[in-house]
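Protein chains: 2
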Amino acid sequence: MKAVGIVVEYNPFHNGHLYHVQQTRKKTNADCVIAVMSSSFTQRGEPAIVPKWERARMALAGGVDLVVELPYSFAVQTADRFAYGAVSILDALFCEQLCFGSEHGNIETFMKTAQRLVEKKEQHDEKVKQYMRKGISYAKAYALALYDMSHDTLDVSQPNNILGLHYVKAIIEQRSHMIPETIQRTVAHYHDTALPIHASIASATSIRRALQFDHDDVARYVPHTTYDTLQTYRKTYTTWHDWETYFPLLKYRLLTMEIDDIRQIAEVEEGIEHRLKKAIVHATSFHDFLSVVKTKRYTWTRLQRICTHILTNVTKKEMAKAHENKGATYVRLLAMNETGRAYLQAVKKQMTLPLVTNVKQMRHDAIYHIEKKATQAYVSILPEPLWTEALQREYKTPPLR
Amino acid sequence: MKAVGIVVEYNPFHNGHLYHVQQTRKKTNADCVIAVMSSSFTQRGEPAIVPKWERARMALAGGVDLVVELPYSFAVQTADRFAYGAVSILDALFCEQLCFGSEHGNIETFMKTAQRLVEKKEQHDEKVKQYMRKGISYAKAYALALYDMSHDTLDVSQPNNILGLHYVKAIIEQRSHMIPETIQRTVAHYHDTALPIHASIASATSIRRALQFDHDDVARYVPHTTYDTLQTYRKTYTTWHDWETYFPLLKYRLLTMEIDDIRQIAEVEEGIEHRLKKAIVHATSFHDFLSVVKTKRYTWTRLQRICTHILTNVTKKEMAKAHENKGATYVRLLAMNETGRAYLQAVKKQMTLPLVTNVKQMRHDAIYHIEKKATQAYVSILPEPLWTEALQREYKTPPLR
Numbered sequence: 001m002k003a004v005g006i007v008v009e010y011n012p013f014h015n016g017h018l019y020h021v022q023q024t025r026k027k028t029n030a031d032c033v034i035a036v037m038s039s040s041f042t043q044r045g046e047p048a049i050v051p052k053w054e055r056a057r058m059a060l061a062g063g064v065d066l067v068v069e070l071p072y073s074f075a076v077q078t079a080d081r082f083a084y085g086a087v088s089i090l091d092a093l094f095c096e097q098l099c100f101g102s103e104h105g106n107i108e109t110f111m112k113t114a115q116r117l118v119e120k121k122e123q124h125d126e127k128v129k130q131y132m133r134k135g136i137s138y139a140k141a142y143a144l145a146l147y148d149m150s151h152d153t154l155d156v157s158q159p160n161n162i163l164g165l166h167y168v169k170a171i172i173e174q175r176s177h178m179i180p181e182t183i184q185r186t187v188a189h190y191h192d193t194a195l196p197i198h199a200s201i202a203s204a205t206s207i208r209r210a211l212q213f214d215h216d217d218v219a220r221y222v223p224h225t226t227y228d229t230l231q232t233y234r235k236t237y238t239t240w241h242d243w244e245t246y247f248p249l250l251k252y253r254l255l256t257m258e259i260d261d262i263r264q265i266a267e268v269e270e271g272i273e274h275r276l277k278k279a280i281v282h283a284t285s286f287h288d289f290l291s292v293v294k295t296k297r298y299t300w301t302r303l304q305r306i307c308t309h310i311l312t313n314v315t316k317k318e319m320a321k322a323h324e325n326k327g328a329t330y331v332r333l334l335a336m337n338e339t340g341r342a343y344l345q346a347v348k349k350q351m352t353l354p355l356v357t358n359v360k361q362m363r364h365d366a367i368y369h370i371e372k373k374a375t376q377a378y379v380s381i382l383p384e385p386l387w388t389e390a391l392q393r394e395y396k397t398p399p400l401r
Numbered sequence: 001m002k003a004v005g006i007v008v009e010y011n012p013f014h015n016g017h018l019y020h021v022q023q024t025r026k027k028t029n030a031d032c033v034i035a036v037m038s039s040s041f042t043q044r045g046e047p048a049i050v051p052k053w054e055r056a057r058m059a060l061a062g063g064v065d066l067v068v069e070l071p072y073s074f075a076v077q078t079a080d081r082f083a084y085g086a087v088s089i090l091d092a093l094f095c096e097q098l099c100f101g102s103e104h105g106n107i108e109t110f111m112k113t114a115q116r117l118v119e120k121k122e123q124h125d126e127k128v129k130q131y132m133r134k135g136i137s138y139a140k141a142y143a144l145a146l147y148d149m150s151h152d153t154l155d156v157s158q159p160n161n162i163l164g165l166h167y168v169k170a171i172i173e174q175r176s177h178m179i180p181e182t183i184q185r186t187v188a189h190y191h192d193t194a195l196p197i198h199a200s201i202a203s204a205t206s207i208r209r210a211l212q213f214d215h216d217d218v219a220r221y222v223p224h225t226t227y228d229t230l231q232t233y234r235k236t237y238t239t240w241h242d243w244e245t246y247f248p249l250l251k252y253r254l255l256t257m258e259i260d261d262i263r264q265i266a267e268v269e270e271g272i273e274h275r276l277k278k279a280i281v282h283a284t285s286f287h288d289f290l291s292v293v294k295t296k297r298y299t300w301t302r303l304q305r306i307c308t309h310i311l312t313n314v315t316k317k318e319m320a321k322a323h324e325n326k327g328a329t330y331v332r333l334l335a336m337n338e339t340g341r342a343y344l345q346a347v348k349k350q351m352t353l354p355l356v357t358n359v360k361q362m363r364h365d366a367i368y369h370i371e372k373k374a375t376q377a378y379v380s381i382l383p384e385p386l387w388t389e390a391l392q393r394e395y396k397t398p399p400l401r
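Chains as they are written, first to last, in the working numbering: chain A, 1 to 401; chain V, 1 to 401.
So here's chain A without its partners, still in its complex pose (with noise of 0.2 Å):
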């Protein structure tokens, strides 16, 4: 059996992921398609607007074969982490290709580029710092140290061309067999807030805000399972996760924090501290607190993890710990069909990581602990009993079928 990985988040399951799914199958003719998916945090630093038992119910449901967690220790970081953690678990389960939508499209550009970023690490690396002197993001002078080495490159500006590249360069760094491959993105720009009308595709985000705000139905953009799924748990659990639901536990905790406390949390850096314990004191939302605190420095996806972070809890001790090993100790199975069964019991006797279906093994791992503190922030928003309900299903549901 051969079987293709992807990386995703699901947030939520909609027609393009389904459409990235059969274009992922037909381009590897693969027999299993394996996701590996963010868990309770997404990348940019937002709480997933439903958990991920109800997101891996949505890509099973969409053609995905195996859906394993990326833990919250590589999905709330920036790009190189993130995917170096999701290729570590994609080769751990031996996928013999890495596919993933992209901007840009083409697949030898991406080698190339990641090619060259390995090889002059300590040139990029200094043009950045450079860069970052001048007080801009580290995304942006990501991009432009990279456009110094050379013009004719990939355009990294584009969120998922970054991300793309950064799988790449993980394969090489981490000499993994997995062959990259790439499908052209069409429709659907990325940070789309508003839904289109003449199409079935829509963003992410622009779903998640018709959601949040009740204002337009979704049934269009996303398949029947995921629609019925979402409008499942609010009916159950009565909220969508979204920052302005944690909005009053993040601001009761750095309310009560030390500055000394809040230079302890992971990537918090460079006395932003001092400006989110100021600001925190009048603002009434989230968003208001984020543009406040918001500079050229401090990119709002910065910022967003970095609260994310203290409402989680995680330190930049406990962060460096779980990254001693730099990629995944363990792979964690979320949901699998009939397929992804086969394909696991062909493989896990070979696999170098434990497959985790009960979690409580995992309680001495430094990973583990990092996405057990984030479960239980994630679901601290829920009315009791439900909460305490919430909780339990962290070590209690086994893998979905």
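Since the hints were derived computationally from the structure, they do not count as laboratory data.
Note that this is a predicted model, so its numbers are computed, not measured.
Be a bit skeptical, because a hint or two may be false.
One copy or two, either will do: identical chains are not told apart, so a pair holds if it fits within one copy or between any two.
[Stated by the list, open to error] List of simulated lysine-lysine pairs, DSBU-like, C-alpha gap at most 35 Å:
id: 1; residue 1: 321; residue 2: 277
id: 2; residue 1: 396; residue 2: 277
id: 3; residue 1: 396; residue 2: 296
id: 4; residue 1: 396; residue 2: 120
id: 5; residue 1: 140; residue 2: 277
id: 6; residue 1: 372; residue 2: 277
id: 7; residue 1: 277; residue 2: 326
id: 8; residue 1: 278; residue 2: 360
id: 9; residue 1: 294; residue 2: 317
id: 10; residue 1: 360; residue 2: 294
id: 11; residue 1: 112; residue 2: 140
id: 12; residue 1: 121; residue 2: 326
id: 13; residue 1: 2; residue 2: 348
Guided by the hints, dock chain V onto chain A, whose structure is given.
Then chain V, alone, in the frame of chain A:
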């Protein structure tokens, strides 16, 4: 002008408190009655049902001439520290007498017992330790050790007797010139939970219960200013301040805290952090939670104080710093009438502690540092924009008149 000091919580101010103020004035013949009042949280480790400003207004209407704050670092403490802080503040205001209500009612017994405790401190301390080693609570050990030293003594299992004893002891220890005085309490036991049918005096506990469960009218048991203030508060702020309302914040906090973090919190000792961490996962209410954690050694009151310190994030280290000076480092004015104002005019030049109306000047003070955190946690249950407004109140409210 002659002043008498009283130590109060007014949670909320009721007819029994009114009677106490009147009797205090009568018995001591004082011109000015000064109340030192717990700020946002009480000695038993509960959030005060309404903020200090509302409770100070009730006190003025009830005949108190001057209301000053008993800071959190003294208020949310065992009886000895509570009394020590209160006495240091009343002494700084040159009260000639201190008058407390007690079950016993005879000041001679208090003075004799306190004197013996001061003289035989080591002996008593040693006996307390012996009893505690048997696994019983500090309060019970304290009472047993006292009984061992002299059988003809005060019944310190009565809550107002033990507080009174500590006031008198603190007066002796601080070499204060204040003369202690006591008024016998006749009706309404401290811990009564039901409102009495044929009386107009009820315990504060029973009044709070009636308010929280909305099933009884409390008008009969409180002065009309209390009644109006409570009604207005509830209407404006949509909630009372009680533990069940804070429970989601406490639960979120405990879930995302590390065992080591909990160990840093004030009053956390002897492994209780493990019990707390374990029990919180399954607890759907504050009452359930404490019922599971409670043991013979850890009394309900002590656990409530620990939970308060977790909620406010007050550490052992911060608490130790606040107590370096033993007594108060400032006197914060909450409310005064004409008599109170005239009294302050007469004494303020002789005062050795700063008289504070603008707390911004106290921002480097260790006691105020804790007070500020407590206020920030206290307002964290309010809906926006009331929450943000309430945060400002801490800094902007001038002393009430």
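Evaluation of the provided hints:
1. 321 to 277: both (27 Å within a copy, 22 Å between copies)
2. 396 to 277: between (38 Å within a copy, 19 Å between copies)
3. 396 to 296: Close across copies (33 Å), not inside one copy (44 Å); limit 35 Å.
4. 396 to 120: Neither way: residue 396 and residue 120 sit 47 Å apart in one copy and 58 Å across, limit 35 Å.
5. 140 to 277: Intra 26 Å, inter 43 Å, cutoff 35 Å: intra-copy only.
6. 372 to 277: both (26 Å within a copy, 13 Å between copies)
7. 277 to 326: both (32 Å within a copy, 30 Å between copies)
8. 278 to 360: between (40 Å within a copy, 14 Å between copies)
9. 294 to 317: both (25 Å within a copy, 33 Å between copies)
10. 360 to 294: between (39 Å within a copy, 27 Å between copies)
11. 112 to 140: Within. Shortest intra-copy distance 20 Å satisfies the 35 Å Cα cut-off; inter-copy 76 Å does not.
12. 121 to 326: within (17 Å within a copy, 59 Å between copies)
13. 2 to 348: Answer is within; shortest intra-copy Cα gap is 14 Å, inter-copy 86 Å.
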